[in-house]
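Chains as they are written, first to last, in full-length UniProt numbering: chain A, 1 to 372; chain B, 1 to 424.
Quick caveat, the hints were computed from the structure, so don't treat them as lab data. Don't take every hint at face value.
To be verified - Restricting the straight-line Cα-Cα distance to at most 20 Å, the calculated cross-link-like pairs of lysine to aspartate or glutamate (EDC-like) are:
1. B:Lys301 - B:Glu221
2. B:Lys333 - B:Asp392
3. A:Lys261 - B:Asp214
4. A:Lys261 - B:Asp404
5. B:Lys41 - B:Glu13
6. B:Lys41 - B:Glu353
7. A:Lys139 - A:Asp42
8. B:Lys249 - B:Glu203
9. B:Lys249 - B:Asp228
10. A:Lys189 - B:Asp354
11. A:Lys139 - A:Asp177
12. A:Lys210 - A:Asp199
13. B:Lys60 - B:Glu25
14. A:Lys75 - A:Asp30
15. A:Lys189 - B:Glu351
16. A:Lys293 - A:Glu346
17. A:Lys189 - B:Glu13
18. B:Lys60 - B:Asp228
19. B:Lys17 - B:Glu203
20. A:Lys261 - B:Asp392
21. A:Lys261 - B:Glu330
To be verified - On the chain A side, residues computed to face chain B include the following (Cβ under 8 Å):
22. Phe134
23. Ala138
24. Ala218
25. His274
26. Ser350
Keep in mind that this is a model prediction, so the values were computed, not measured. Positions of the beta carbon are idealized from the N, C-alpha and C atoms, including for glycine.
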Amino acid sequence: MATDDISGSQNAAPKPTTQPLPLRPASTFDIVQTYNTLLTSDPEISMPVAAIEALIALLGATPATTAMETVSVIKTHASLLLSAVPNPIPLKAGTDLFQQYLLRSLKGQTSRGAAPALGFDETREHLLANSRLFADRAKAAREQIAQRGAKYVRDGSVVLAAGGSRTVKTLLLRAADAHAARWGCARFKVVYVMDGSRDCVPAVAALREKGVAVAEIAEAAMAYSLAAARVDMAFVGTEVVVQNGGLLSRMGTFQLATLCKGLGVPFYVAAETHKIVRVFPLSQADLPRCGVKQEVLDFKTGEDVEEQRPEKNPLSVAGEVVKDPLSLEGEKGRGAAAPVDYTPPELVSSIITEQGVKMPAAVYDLLLDIYT
Amino acid sequence: MAPVQAGYAPTLETFLKSLKGQPLESSIERLVYLLKRRQIKGAEQCATATARILLQVVAKSRWNDVDQLLVNVQQHGATLTRAAPRELVISNIVRRVLGLIRDEAIEDRNAAGDEYGVDSVSDMGALATPPEQPTSRPGPTPIKPGLATHQSFISKSMFNLLSAVHPADSTGTGTPVTGASTPVMQATSSATALRSEVIDGIEEIVDELSQADDQIAGFAEVQIHPGDYILAYQPSPTVEKFLVRAASKRHFTLLIASGPPQRGAPEATYAPLKKKLNAAGVKTIHIMAGSFAAYMPRVSKVVMGASAVLANGAIVTDGGSAVVARAAHEFSKPVIVLSGVYKLCPENSSEVEDPVELGDSSGYVSFADGPLVNGVEVENTVSELVPPELIDMYITNLGPHTRDHLDDILADHYKVEDIDFPLQ
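Could you put the whole structure together from the sequences, leaning on the hints where they help?
Below, the structure is given as structure tokens:
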């Protein structure tokens, strides 16, 4: 893991606070650049956390001294960051959480119970001093989810895992550990959907390393495999969990969820609570309103095809794009994003979070808790 | 439902009577045997027995501070859970008692330990304590969760990621260990106060157990309307009470469905229930041998009891219920589950080891059919799992709930630290 770079880049960012130049405009700080550096330097970091880290770096770099000024600087940079990526929703989860936290501390609403409220400056200091801790906590959350979810994988069960979710991978590895501790070997099988994301291959390798029997299947074989392998449950990760408990995740999640519903297979989602975002998509067609820019459906007649060059659709999911290894990292880089779809909450059995296993309906309570 | 105990076979009543004079260890041992022999069985009985024995643990076992008490309760609770792993209620009651102790201890410390200044962590991110605190965590109680002085409460908030105080003990064992427990100085003085408070709390739980059925019955007249056809599958005492209460106000028809007739075994007639309902002017129809599907078009509601309600809304109940629920679902008839809050488990249906219990099948095949007994395996489900999508409403002693609301009830009744209880 190239974690050295990230600490370097982060230490560099807050430095200006020590000798604040009052005339230096805050706009010299490139939030998008910072975000991308953070994301590429640590393969384990998720998008919301990277967005939070970028904002913390901004907090260190900004010469703003008053509370309201700081908040407004954060706000403008957050929207700048969101507008710079094709799918801003995962980032929005992070930036919204961060801004809300800052605002809460401003209002002194952190003083519930016997604890006195930290002032704005103290909050700021706390955030600057602990930016690394937050990333570690996010990783710890993944581990906690894995521990919880591992209990679901029982003796003799067949589990379908989809997508290059690191959380699901950890979950299955923990389940293998638990089985090994109890019976001496992993007594479950995994059907792994190879959807082309770069985390698939290492995940399968890691599972096989632990002695888990893994079948790799293509996305087109999902329905067949669910029935033929008698899959007991499906685990997926997600980019974000939306307000109603639905998912906004890599293209194909909706498809798998629909298949699972149809075939009566429980569909479990492993997601950290910081992936919950205050966005409410009404349907697939509503995604552009939520800020997702993608051109999955590109209707063309014969004439259009002759006019255009074939490589002129970087956002499409057409075959040639999937073959291109770079596009698979699009989820993380800025350029082309991996397309996403919306999975309605009715298709989700439960969401496994580090704070317990939740029904989709409980997601709203968590949001309500911090936004009221 | 339970066959009459012949002679001097011990029952819940004799056990409860015997509690007083006996030392703690021997009564626990006795309860373990009773549970193993199924002389105490069923959710209500197990819950009552557990609550009573935990009361003895609090009263009689040796403890000086809260952590010790928690460990005592956990250990004895785990013994009982192992004795009857299918009775999920036992761990529920243990969790309730553990939560109770934690609550009382927090109250005590808030009252007495103000010199700390930083006592309980609010769920709002809690910026009170300096950030170096989480790292210096010695953790002398690595397995059993103790009660932390500084973090008396694991918050459930999305702010946990950013909060100054570590929301839960980070990675580790997966069990949310609350961390280092610093012994409190005013231990002995508060121990007696705590003891009596916790005992009062357990008494309240026992009261709740005994009143749950009546409280559930209180919602009967709202749910059952005049002219309804109510189908009840093998009505449990809870369901019977509910129906009898409804009969006092409402004029409806009850269809009692019972499982397939068993050879040799006396047919369950539900005579007392029928008599009571008849007295109130409610007609009962007994449907035999699984022909309830034929009546389903007429039925307006299906009522069933449960021995446990799981976090995702699935219920564990008598064998044969799932097919009734399925039939009702196919005919779009609402299925109502009656269950006390104490039967609501924080586990999901996928986490419960083996909800389907296979039992005595001699009612279906007798040994007179020698070749048949040799040649085939006859299985009879005693309890089974009804999936959540077949159930429309849950009526607890708190009132009617939808499936989505179960999460809230769980959060109100159990502490996050205790949810993983039997695994610790």
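Hint-by-hint comparison with the structure:
{"no.": "1", "hint": "B:Lys301 - B:Glu221", "in the structure": "13 Å, holds"}
{"no.": "2", "hint": "B:Lys333 - B:Asp392", "in the structure": "9 Å, holds"}
{"no.": "3", "hint": "A:Lys261 - B:Asp214", "in the structure": "38 Å, violated"}
{"no.": "4", "hint": "A:Lys261 - B:Asp404", "in the structure": "18 Å, holds"}
{"no.": "5", "hint": "B:Lys41 - B:Glu13", "in the structure": "12 Å, holds"}
{"no.": "6", "hint": "B:Lys41 - B:Glu353", "in the structure": "19 Å, holds"}
{"no.": "7", "hint": "A:Lys139 - A:Asp42", "in the structure": "12 Å, holds"}
{"no.": "8", "hint": "B:Lys249 - B:Glu203", "in the structure": "32 Å, violated"}
{"no.": "9", "hint": "B:Lys249 - B:Asp228", "in the structure": "13 Å, holds"}
{"no.": "10", "hint": "A:Lys189 - B:Asp354", "in the structure": "19 Å, holds"}
{"no.": "11", "hint": "A:Lys139 - A:Asp177", "in the structure": "19 Å, holds"}
{"no.": "12", "hint": "A:Lys210 - A:Asp199", "in the structure": "17 Å, holds"}
{"no.": "13", "hint": "B:Lys60 - B:Glu25", "in the structure": "10 Å, holds"}
{"no.": "14", "hint": "A:Lys75 - A:Asp30", "in the structure": "14 Å, holds"}
{"no.": "15", "hint": "A:Lys189 - B:Glu351", "in the structure": "17 Å, holds"}
{"no.": "16", "hint": "A:Lys293 - A:Glu346", "in the structure": "25 Å, violated"}
{"no.": "17", "hint": "A:Lys189 - B:Glu13", "in the structure": "48 Å, violated"}
{"no.": "18", "hint": "B:Lys60 - B:Asp228", "in the structure": "52 Å, violated"}
{"no.": "19", "hint": "B:Lys17 - B:Glu203", "in the structure": "16 Å, holds"}
{"no.": "20", "hint": "A:Lys261 - B:Asp392", "in the structure": "18 Å, holds"}
{"no.": "21", "hint": "A:Lys261 - B:Glu330", "in the structure": "17 Å, holds"}
{"no.": "22", "hint": "Phe134", "in the structure": "6 Å, holds"}
{"no.": "23", "hint": "Ala138", "in the structure": "6 Å, holds"}
{"no.": "24", "hint": "Ala218", "in the structure": "27 Å, violated"}
{"no.": "25", "hint": "His274", "in the structure": "5 Å, holds"}
{"no.": "26", "hint": "Ser350", "in the structure": "6 Å, holds"}
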